[in-house]
Amino acid sequence: MEYIIIIISAIFVNNIVLNKFLGICPFIGVSGKIETSIGMSGAVLFVMTIATLVTYLIQNYVLIPFGIGFMQTITFILVIASLVQLVEIILKKVSPSLYQALGIFLPLITTNCAVLGVAIMAGQQDLNLMESIVFAIANSIGFGLALITFAGLREHLELADVPAAMKGVPVAFVVAGLLAMAFMGFAGLV
Amino acid sequence: MNQLANFTKGFIRENPVFALFLGLCPTLGVTTTAINGMGMGLATTFVLLMANIVVALIKDFIPDKVRIPSFIVIIASFVTIVELTMQAYLPSLFDALGLFIPLIVVNCLVLGRAEAFASKNNLLSSAIDGLGMGLGFTFALTLLGAVREILGSGSIFGLKFIEGDGILIFVLSPGAFIALGYLIMIMNKFKKKEA
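Chains A and B are the protein sequences, given in the same order. Residue numbering for the first sequence follows my numbering, starting at 1 and increasing by one per position. Residue numbering for the second sequence follows my numbering, starting at 1 and increasing by one per position.
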């Protein structure tokens, strides 16, 4: 039951992009086509889950026992950056086809604040190991849902006739606002 | 480049938010009031200025291959300084900004300036660039915060000027996207006229 609440709350009610404003850069940057947005969501799912697992272990078995909690930001970002590199190298060897699909998105993920954000939030909410992993997976699904929905909307937006000053990013923001408004309908679900 | 132009480019022409679209997460996340926007902007300005100075000083000693990780460590150190200082002296602002303080580390604006400008220019230009870009970012955040605060709660910098509530949606998340979209549109309109 606990897990279901975490999942529903992370995907719909507190959607990481539309409600918590994390990962806006890829949300605006790679949402031009549905295909690329699916690739990006897959890469985020992969990296976010592993990163949350590793940072959970570091937080609870290194930082807290040694009383160096203030090093959290520095350690987490270094772990995530090296993890992304590691995942890239392993993926290249083990599964070239998956690497082909996710390859170009992996370096971009280091600067995706959603990954660091979820790792820090999992720590703040005192989740245990299993809950942290579920939290990370649910949040990346929420990210994927928002990104892919938005990509679909933007593909149609290409055909619309909008005023010159509004073209491109400004109109995308207004549409994102309307999407966020739709997601507000989920409030009170849990 | 002339230093004055270097300083002022961050305000309108190369404004990080309105023209370069960098650092959008904190832009949308913390601007529920003008004060929060300004606090976040100034915190980022400090990190940006210090990171640019340090990167410009030690750029000749960093091997090219480990450039990016080194920059991230430099940035993360200054973010930790800001985080601890703010927690000690401005606890209410620290609570309001919350998660977005540690997330200055992954603000693409800070890393972007270190990589694109400070690693190629001398100390003075890098410091001026960091300060100009940071203040441009602060300007954008304060403006967006003010628009959302005026429309959403009918106050400005915490001073209430109407009775009751404003248009609540502007304080909530959809309002952030919509207000920023229209602000960028207005900026585009101005830029067209200049050209």
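Fair warning: there could be bad hints in the mix.
Stated by the list, open to error - So, partial list: chain A residues that the calculated Cβ filter (under 8 Å) puts toward chain B:
1. 24
2. 64
3. 74
4. 99
5. 120
Worth flagging that the hints you see were computed from the coordinates, not collected in a lab. Every residue, glycine too, gets a C-beta built ideally from N, C-alpha and C.
Evaluation of the provided hints:
1. 24: holds (4 Å)
2. 64: violated (17 Å)
3. 74: This interface hint holds because 4 Å falls under the 8 Å limit.
4. 99: violated (21 Å)
5. 120: holds (6 Å)
This entry does not satisfy hints 2 and 4, going by the numbered hints stated previously.
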